[in-house]
Amino acid sequence: MSDAQLFEDTFTITSINSQKYDRVSRISCTSTDNLTTFTLDVNTELYPCAVGESLSLALASTLSLDGKDEDAAAGRGGWRDV
Numbered sequence: 023m024s025d026a027q028l029f030e031d032t033f034t035i036t037s038i039n040s041q042k043y044d045r046v047s048r049i050s051c052t053s054t055d056n057l058t059t060f061t062l063d064v065n066t067e068l069y070p071c072a073v074g075e076s077l078s079l080a081l082a083s084t085l086s087l088d089g090k091d092e093d094a095a096a097g098r099g100g101w102r103d104v
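For the sequence shown, my numbering assigns the number 23 to the initial residue and increments by one for each residue that follows.
These are computed hints drawn from the structure, not numbers from a lab.
Do not take every clue at face value.
[Stated by the list, open to error] Once the Cα atoms are required to be at most 20 Å apart in a straight line, the calculated EDC-like pairs of lysine to aspartate or glutamate come out as:
#1 K42 - E67
#2 K90 - E30
#3 K90 - D25
#4 K42 - D63
Could you put the whole structure together from the sequences, leaning on the hints where they help?
Structure representation (structure tokens):
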């Protein structure tokens with residue numbers, strides 16, 4: 023079995039664009055080693071952000087803590103098969 027965590031890094035918010043929507047801002051971030059960038063839409067009422075703040079981002083193949091695919095183990099299809 024492989025590790026469920028696919029990617030993890032720390033990013034710094036480089037810009038915030040809140041022009042289009044009232045409560046949602048588009049933030050641009052750069053990793054600490056400047057090799058990776060990403061853009062994310064954030065509800066800034068729930069999660070206020072400021073330029074210069076740090077964020078940790080982790081991508082995983084499953085939300086299960088043991089890394090197992092719960093749908094395959096239970097004999098069910100994926101979320102598209104519902």
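Hint check:
1. Of the pairs offered as hints, the one joining K42 and E67 holds, with about 15 Å between alpha carbons and a cut-off of 20 Å not exceeded.
2. Distance check on the hinted pair: K90 and E30 sit about 19 Å apart at the alpha-carbon level, within 20 Å; holds.
3. About 9 Å separates the Cα atoms of K90 and D25, which keeps this hinted pair within 20 Å; it holds.
4. A threshold of 20 Å between alpha carbons decides the hint, and for K42 with D63 the separation of about 11 Å falls inside it, so the pair holds.
When each numbered hint is compared with the structure, no violation occurs for any of them.
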